[in-house]
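For the sequence shown, our numbering puts the final residue at 191, and the numbers step up evenly by one.
Note that these hints are calculated values from the structure, not bench results.
There's no promise every hint is true.
[What the hints assert, rightly or not] Heads up, simulated SDA-like pairs for lysine to any residue below, C-alpha to C-alpha not over 25 Å straight-line:
| hint | residue 1 | residue 2 |
| --- | --- | --- |
| 1 | K41 | A31 |
| 2 | K116 | T82 |
| 3 | K140 | T161 |
| 4 | K140 | Q84 |
| 5 | K90 | K116 |
| 6 | K39 | S51 |
| 7 | K116 | K144 |
| 8 | K39 | Y26 |
| 9 | K116 | E150 |
| 10 | K32 | Y42 |
| 11 | K38 | V23 |
| 12 | K41 | E53 |
| 13 | K39 | L29 |
| 14 | K144 | G115 |
| 15 | K39 | F19 |
| 16 | K144 | E71 |
| 17 | K116 | Q77 |
| 18 | K116 | D129 |
| 19 | K140 | N118 |
| 20 | K38 | F19 |
| 21 | K140 | T82 |
| 22 | K116 | E153 |
| 23 | K116 | L85 |
| 24 | K90 | K39 |
| 25 | K116 | T58 |
| 26 | K116 | D97 |
| 27 | K38 | L28 |
| 28 | K105 | V91 |
| 29 | K90 | S51 |
| 30 | K39 | L54 |
| 31 | K105 | D129 |
| 32 | K90 | S57 |
| 33 | K144 | F120 |
| 34 | K116 | F99 |
| 35 | K41 | L20 |
[To be verified] Here are the simulated distance ranges between beta carbons:
| hint | residue 1 | residue 2 | range |
| --- | --- | --- | --- |
| 36 | L80 | D129 | 45 to 51 Å |
| 37 | L56 | A31 | 44 to 50 Å |
| 38 | D100 | A135 | 20 to 26 Å |
| 39 | E145 | V91 | 38 to 44 Å |
| 40 | E62 | A135 | 21 to 27 Å |
C-beta atoms are modelled at their ideal positions from N, C-alpha and C, and glycine is treated no differently.
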Amino acid sequence: MINPNTVMYAGVGIVVILFLFMVLQYFLLRAKVNRLSKKYKYFMNGEDGGSIELKLSTEVRELREMVASSENMLHQQELLATMQLQSFQKVGLVRYDAFDDTGDKLSFSLTLLDGKNNGFILSSLAGHDTSRIYAKQVVKGQCKEALSSEEAESINMALDTLMPDIANEGAPQGEPSQGIPADRKINTAQK
């Protein structure tokens, strides 16, 4: 049979071992809590005494201001793009001798078009004794009035002037734009 003193010593030994294990665990956990407490105080107070909550609220406010500023810039960009479509940006100029006796190519046809290909042709015919100026309206790249070959060339030059983003979209990758399609060119045979 087992001696009762032996069982008692074994039980006391197990309790002592468990007690030592619990004391060791207590000190380990206490050390971890102290480290976490120091880190918490550091982050909550910050290096200069300001709390992290204040820093986070400041960062969130600045982020919201940047988003609002970005939205404002996008709105301004849209307004500028709209205004750009309405401004003259495509120009075609052809200088020529309207009369055989003048020389020096004093006559010209000037085409000014906006982003929607609306505008006008201004033609000046200069001679020794006379000078005449004509204006013709251009709507969507077409003129309803009869055109001289020089005026048609001037319109084609203006239509060939592409905005950079349109030129890049119209051209295949890696190739420059080839100008306007043949079906959009003004027929120079009109007179």
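Cross-check of the supplied hints:
{"no.": "1", "hint": "K41 x A31", "result": "holds (15 Å)"}
{"no.": "2", "hint": "K116 x T82", "result": "holds (11 Å)"}
{"no.": "3", "hint": "K140 x T161", "result": "holds (14 Å)"}
{"no.": "4", "hint": "K140 x Q84", "result": "holds (16 Å)"}
{"no.": "5", "hint": "K90 x K116", "result": "holds (10 Å)"}
{"no.": "6", "hint": "K39 x S51", "result": "holds (13 Å)"}
{"no.": "7", "hint": "K116 x K144", "result": "holds (17 Å)"}
{"no.": "8", "hint": "K39 x Y26", "result": "holds (20 Å)"}
{"no.": "9", "hint": "K116 x E150", "result": "holds (22 Å)"}
{"no.": "10", "hint": "K32 x Y42", "result": "holds (15 Å)"}
{"no.": "11", "hint": "K38 x V23", "result": "holds (23 Å)"}
{"no.": "12", "hint": "K41 x E53", "result": "holds (12 Å)"}
{"no.": "13", "hint": "K39 x L29", "result": "holds (15 Å)"}
{"no.": "14", "hint": "K144 x G115", "result": "holds (19 Å)"}
{"no.": "15", "hint": "K39 x F19", "result": "violated (30 Å)"}
{"no.": "16", "hint": "K144 x E71", "result": "violated (43 Å)"}
{"no.": "17", "hint": "K116 x Q77", "result": "holds (18 Å)"}
{"no.": "18", "hint": "K116 x D129", "result": "violated (38 Å)"}
{"no.": "19", "hint": "K140 x N118", "result": "holds (5 Å)"}
{"no.": "20", "hint": "K38 x F19", "result": "violated (29 Å)"}
{"no.": "21", "hint": "K140 x T82", "result": "holds (17 Å)"}
{"no.": "22", "hint": "K116 x E153", "result": "holds (19 Å)"}
{"no.": "23", "hint": "K116 x L85", "result": "holds (6 Å)"}
{"no.": "24", "hint": "K90 x K39", "result": "violated (65 Å)"}
{"no.": "25", "hint": "K116 x T58", "result": "violated (46 Å)"}
{"no.": "26", "hint": "K116 x D97", "result": "violated (31 Å)"}
{"no.": "27", "hint": "K38 x L28", "result": "holds (16 Å)"}
{"no.": "28", "hint": "K105 x V91", "result": "holds (19 Å)"}
{"no.": "29", "hint": "K90 x S51", "result": "violated (59 Å)"}
{"no.": "30", "hint": "K39 x L54", "result": "holds (17 Å)"}
{"no.": "31", "hint": "K105 x D129", "result": "holds (15 Å)"}
{"no.": "32", "hint": "K90 x S57", "result": "violated (50 Å)"}
{"no.": "33", "hint": "K144 x F120", "result": "holds (11 Å)"}
{"no.": "34", "hint": "K116 x F99", "result": "violated (34 Å)"}
{"no.": "35", "hint": "K41 x L20", "result": "violated (32 Å)"}
{"no.": "36", "hint": "L80 x D129: 45 to 51 Å", "result": "holds (48 Å)"}
{"no.": "37", "hint": "L56 x A31: 44 to 50 Å", "result": "violated (29 Å)"}
{"no.": "38", "hint": "D100 x A135: 20 to 26 Å", "result": "holds (25 Å)"}
{"no.": "39", "hint": "E145 x V91: 38 to 44 Å", "result": "violated (20 Å)"}
{"no.": "40", "hint": "E62 x A135: 21 to 27 Å", "result": "violated (55 Å)"}
Going down the numbered hints, you'll see the structure goes against 15, 16, 18, 20, 24, 25, 26, 29, 32, 34, 35, 37, 39 and 40, while the others check out.
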